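Engineer: The residues making up each chain are set out below.
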Amino acid sequence: MRQRLTPSGGLVGEAPFDIQLTRRLYRAMVFARTYDRKGMALQKQGRLATYAPFEGQEAAQIGAAAALEPNDWVVATYRDAALMWAQGYPWELLFAGRTGDERGGSPPEHVPVMPPSITVGGHMVHAVGLAWAEKLQGTDRIALTSFGDGATSEGDFHEAMNFAAVYEVGCIFLCQNNGWAISLPRERQTKSATIAEKAIAYGMPGIQVDGNDLFAVYEAVKEAADRARSGGGPTLIEAVTYRRGPHTTSDDPNRYRDPAEVEEWARRDPIERVRIYLSEHGAWDDEWQAAIEAEAQAEIDRAIELAESMPPLGPGEILDAMFETLPPHLEAQRRELVEGLR
Amino acid sequence: MSTETFDPQLLDYSNRPPRLPSPPNEANDRIDIPLDQRMRMYELQQELRQFEKRAYDLFMQNLVKGTSHLSLGMEAVATGFAMAMRRDDYTFATYRGHAHTLARGVPMGPVMAELLGRGTGLLGGKGGSMHLTSVEHGMMGSYAIIGAHLCIANGAAWSAQMRGSDQVTVAFFGDGTTNIGAFHEAINFAAIWKLPIVFVCENNLYMEYTPIDLVTPVEHPAADRAAAYGLERIVVDGNDADEVYDTARRLIEKARSGGGPSLVEAVTYRHGGHSRADPGKYRPKEEVDAWLQRDPLTLYHQRLLRLGVPEIELTKIAQDVARRVDEATEFAKSSPPPDPESLMTDVWADGGSSWRR
Ligand SMILES: Cc1ncc(C[n+]2csc(CCOP(=O)(O)OP(=O)(O)O)c2C)c(N)n1
Ligand SMILES: Cc1ncc(C[n+]2csc(CCOP(=O)(O)OP(=O)(O)O)c2C)c(N)n1
Ligand SMILES: [Mg+2]
Ligand SMILES: [Mg+2]
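In order, the protein sequences belong to chains A and B. For the first sequence, counting from 1, position 211 maps to 228 in the numbering used here; every step adds exactly one. For the second sequence, counting from 1, position 356 maps to 360 in the numbering used here; every step adds exactly one.
These are calculated hints, taken from the structure and not from any lab test. Everything numeric in this text was worked out from a predicted model, so none of it was measured. Hints should not be assumed to be uniformly reliable.
27 Å max Cα-Cα, derived DSS-like pairs, lysine-lysine [as the list claims (entries may be wrong)]:
#1 B:K198 - B:K289
#2 B:K198 - A:K208
#3 B:K57 - B:K289
#4 B:K57 - B:K130
#5 B:K337 - A:K208
#6 B:K130 - B:K337
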């Protein structure tokens, strides 16, 4: 397993980028955690529907996005808000989506990010399609798709990986192995020793990295992105991380896992190790920490306000974001709904 | 691979470099198999071969209802596995399932009658070539949806595991099937649950018309995937019944004793086309010729001669099989079509079809 930054902030080999960028990405991770904790709190207040927290997975998401070009495609899941935000998806739409507002799934036109996939594995095929389209059009734009350890058991994973490899499309498969698929532990998910080695079945490179290590994730994704962009085809990256919270707000993990495991992973926190590293390089102090936390809080509060101040969707509008032109059977259903409510 | 460009509309791959068979392995003469069993394996391969040739002729005479997919050239796989199976073990096959059905001991007559859509057919003439099933022989069905039966086969294996019955399931599928999601889900599931099942890929190098290597990023579509499920990589000569049998008995024994599933790739070739009257002309001529030379029956015939069996005995077996195939054909042709009354039966397990009324 590749590692560049140990849990105690020690550097292994060389840092992949300078202190300035490290500070920026650290700040982004602080923003992400602020959003995530706020999401949990809002759900408990009844202001969001089900929420799937990603606490502990910030480095995997922020590190991956940092290695992409601004217009590269990101096709991700319900647990990938940080990754999506880092590629341009606004916080307010991420919140809106979690309130059940369909407009949360319609990113602004210039944002190269698909709405989050709830269907486990289904979106990976879409990412391959996007990357293939870019290849056919001769651009150097690539796609990154993020998914969980559980998703690797889906048939869609297999078909997406195979297709991407055969057609040598520029797609990066980023698996955030967070140890659990709801209540099913990684060991019972698949018999292979690692998820990275599943790449062998598709003749593509597979890389396993410490997913709580910003530097290692960045480096692996950068390597895969360079390969994809230069026509070298897809890569599978397994970022080994941990889901510290429940699967979603409707789940009680104490029923199936040992809290000691959670504590163990809290000691491998992805943000803390970058903090120590920055501090040792004289690039972190309490004052800056307080300042970025305040900025994060303000930005997230503003996003909530925007999301909550969107005028509510009328019942006829819930289907608007699905199709460019609504098929006749859905048009009929919409009419029935609107008239029935009148 | 993707650097080659083919017009998919043309369905013509005949100018590609041929994929030639490896030379036969004479050392397999020494595999420990009693001679009387080898004689039975020769006979079974003759049965499968002659039955399929007859099926082809009947198809060309427009007597076979619906389509058909023949196993000509692939007899050694069905033979090697069936010989290693216990009477109560389960077989799951694809639409290319005549050979697997006969190899489990289902009599030729009802199978032939089924192809001809007759009332005396194995399924009363309602299933046809693609759905041959005989539960009493452990032949749990032929399935037309690529890959779907692998998940169903897991169900049978899981049932055996839960009942503690020691039964082993053997599921056959093609090379093309390895790129379907259901393949991935089935093998992963079986590996995790340690199911008593053997997955057998009959790699005949082609899907319908497309060469498998054009759409697969690894050399061996099944064997090179085994690592992804923590399984052993196994490739066998699918045209050598003894090599297939030797592997089959090892893996079936492993499954029976709780050692979990295996994934085997048997490399073989279909002599004819994919289905119906497809002449298979999209393949390089040199390749087809080389594989016709590398025929499993010829190989077995020569092995038995080397082992001292007189030619006349082999001829007698072939003649006896020919007579039985004739009888089965007569039986089928002289059988009446299904009774129209039977149309509304066999939908539910109780024999009924209440929803249709
Ligand atoms: C096709 C499909 N099957 C089942 C579900 C229900 N489901 C939602 S999340 C989940 C677990 C996914 O685990 P993993 O891929 O490891 O992602 P994680 O939630 O850990 O990020 C399941 C089974 C679903 N959403 N889609
Ligand atoms: C899910 C599904 N997709 C497509 C088909 C159409 N189809 C029938 S046979 C076949 C080729 C299968 O090739 P392979 O698995 O190599 O088996 P073979 O016919 O060579 O024995 C296809 C694509 C199908 N039956 N089911
Ligand atoms: Mg997971
Ligand atoms: Mg095939």
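Engineer: Hints first: check each against the structure and report whether it holds.
Structural biologist: To see whether the hints hold, each was checked on the structure:
no.: 1; hint: B:K198 - B:K289; result: violated (43 Å)
no.: 2; hint: B:K198 - A:K208; result: holds (10 Å)
no.: 3; hint: B:K57 - B:K289; result: holds (21 Å)
no.: 4; hint: B:K57 - B:K130; result: holds (23 Å)
no.: 5; hint: B:K337 - A:K208; result: violated (51 Å)
no.: 6; hint: B:K130 - B:K337; result: holds (16 Å)
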